[in-house]
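Chemist: Protein chains in written order, with this note's numbering: chain E, 137 to 333; chain F, 137 to 333.
By construction, these hints were calculated from the structure, which means they are not laboratory data.
Treat the hints loosely; a few may be bogus.
Examples of chain E residues toward chain F, derived with CB under 8 Å [said to hold, decoys possible]:
(1) 252
(2) 257
(3) 259
(4) 293
(5) 300
(6) 321
Here are a few chain F residues that sit away from chain E, every Cβ distance over 10 Å (derived from the structure) [unchecked claim]:
(7) 159
(8) 172
(9) 194
(10) 219
(11) 221
(12) 224
(13) 232
(14) 281
(15) 305
(16) 320
Here a beta-carbon is modelled for each residue, glycine too, at the ideal position from N, C-alpha and C.
There are 2 protein chains.
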Amino acid sequence: MKTPNPARRSERSRRAILSAAFDLVAEAGYAKLTVEAIAARAGVGKQTIYRWWPSKGAVFVDAVLSLSEDDTGGLSLPDTGDLRADLSGVLRAIVDEYNDPRLDAMSRALTAESLADPTLNSEITARILGPLLEVTKDRLRSAQRAGQVAADADLSVAVELLYGPIYHRWMLRTHPLTHEYADTVVEFALRALEPAH
Amino acid sequence: MKTPNPARRSERSRRAILSAAFDLVAEAGYAKLTVEAIAARAGVGKQTIYRWWPSKGAVFVDAVLSLSEDDTGGLSLPDTGDLRADLSGVLRAIVDEYNDPRLDAMSRALTAESLADPTLNSEITARILGPLLEVTKDRLRSAQRAGQVAADADLSVAVELLYGPIYHRWMLRTHPLTHEYADTVVEFALRALEPAH
Chain E
137 MKTPNPARRS ERSRRAILSA AFDLVAEAGY AKLTVEAIAA RAGVGKQTIY RWWPSKGAVF
197 VDAVLSLSED DTGGLSLPDT GDLRADLSGV LRAIVDEYND PRLDAMSRAL TAESLADPTL
257 NSEITARILG PLLEVTKDRL RSAQRAGQVA ADADLSVAVE LLYGPIYHRW MLRTHPLTHE
317 YADTVVEFAL RALEPAH
Chain F
137 MKTPNPARRS ERSRRAILSA AFDLVAEAGY AKLTVEAIAA RAGVGKQTIY RWWPSKGAVF
197 VDAVLSLSED DTGGLSLPDT GDLRADLSGV LRAIVDEYND PRLDAMSRAL TAESLADPTL
257 NSEITARILG PLLEVTKDRL RSAQRAGQVA ADADLSVAVE LLYGPIYHRW MLRTHPLTHE
317 YADTVVEFAL RALEPAH
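The following block holds chain E by itself, in its conformation from the complex (with noise of 0.2 Å):
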């Protein structure tokens, strides 16, 4: 006999909460978004949102979040030891998500609306691109203990010259974005970084 699980309902309600926020997005773009809309497609109360989040903004970043299991948005960076490879992942695999038509709507979608409303900004730059730059960071600093990268070098502009590049041709579609051109990214990231010779 079943007994009600309070816990998994509320895990239940979480992921429908997440799931509505994620879909109302990608159909019709995150300014159309609010709290009202989300409780109506997950079937939960208005207040039930309101008692877990402060925002439609926060929810949103958690859907975004969700989809991965770690807090870089699914983008992992491990350390093999092979620099030049651990970094190609993480380039190809950001190549693909640009590449994928519903995360690229989604992306520029909440680009142009983050540049005009700076809390929304903040959420994704602390909890989304933020994780991300520091596992680059933790990477690279394993890099330079193993005399790979300058140990001068400044890590926060080696961060940029990887993510820099490809954001500027995703932004600005200027040229496709294939798994060559990360790798080429890598390499020219590589060069700059190396300690002096």
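Could you slot chain F onto chain E? The hints should help.
Modeler: Chain F in isolation, oriented as in the chain E frame:
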């Protein structure tokens, strides 16, 4: 005795229209810009505007370009033979533009609009970004001939090593944009691009 001069009157109207478009976007954002509002502010008829431009986007891009004397939005890239100094000059000038509150606000508004408006995006890419990337590639080609840049370096990626990091930092507001930062980016890019040793 003065006689009417239609060419001079045209030029006066053209300047009034471009200046009105620029000021209206600075005041209220590109989304609220209309050909009617430009005409009213410039003291001309709508038909005068439509005689010279197909859309508000085309007027606005001309307004931005009219701020400068050349095709690269005022960003010059001389060829003094000193590649580091030449690149540093253009990257510092971009940093200065992003740090100008009026240009920053306008660039963010335009970026947001162009994410939603493919026509505006194409106008900006073709007429503002494109020429800057081209003069930069020309400068790097000259450096290749001088043996300062690897002969086989992919120059489409090379320009992104220069502009991508700055664009990433500006868009995502991760760290301040300074001249020192511009110089660090140039330094990394030069190392990435130098001929094999």
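Chemist: Against each hint, give a clear statement of whether it holds in the structure.
Modeler: These are the hints, each one checked on the structure:
For residue 252 (chain E), the shortest C-beta to C-beta distance to chain F is roughly 6 Å, which falls under 8 Å, so the interface hint holds. Interface hint status for residue 257 (chain E): upheld, as the beta-carbon distance to the closest one in chain F is roughly 7 Å, under 8 Å. About 12 Å separates the beta-carbon of residue 259 (chain E) from the nearest beta-carbon of chain F, more than 8 Å, and the hint is not met. With 8 Å as the threshold, the beta carbon of residue 293 (chain E) comes within range of chain F, its nearest partner Cβ sitting at about 5 Å, so the hint holds.
Proximity of residue 300 (chain E) to chain F holds as hinted, the smallest CB-CB distance being about 3 Å (cut-off 8 Å). Satisfaction of the interface hint for residue 321 (chain E) is found here, the shortest Cβ-Cβ separation to chain F being roughly 7 Å, below the 8 Å cut-off. No Cβ of chain E approaches the Cβ of residue 159 (chain F) within 10 Å, the least distance being about 20 Å, so the stated non-interface status holds. At the 10 Å boundary, the C-beta of residue 172 (chain F) stays outside the reach of chain E, the nearest C-beta of that chain being 24 Å off.
Every Cβ of chain E is farther than 10 Å from the Cβ of residue 194 (chain F); the closest lies at roughly 19 Å, confirming the non-interface assignment. For residue 219 (chain F), the condition that its CB be more than 10 Å from all CB atoms of chain E holds, with the nearest at approximately 15 Å. With a least beta-carbon separation of about 19 Å from chain E, residue 221 (chain F) lies farther than 10 Å from that chain, consistent with its non-interface assignment. Residue-level check passed: residue 224 (chain F) sits 14 Å from the nearest beta carbon of chain E, beyond 10 Å.
The beta carbon of residue 232 (chain F) sits about 19 Å from the closest Cβ of chain E, which is more than 10 Å, so the claim that it is off the interface holds. Residue 281 (chain F), annotated as away from the interface, keeps every beta carbon of chain E farther than 10 Å; the closest lies near 20 Å. Under the 10 Å C-beta cut-off, the non-interface status given to residue 305 (chain F) relative to chain E is violated; the minimum distance is some 6 Å. For residue 320 (chain F), the non-interface assignment is contradicted: its Cβ lies about 5 Å from the closest Cβ of chain E, within the 10 Å cut-off.
When the structure is compared with the earlier hints, violations turn up for hints 3, 15 and 16 and for no others.
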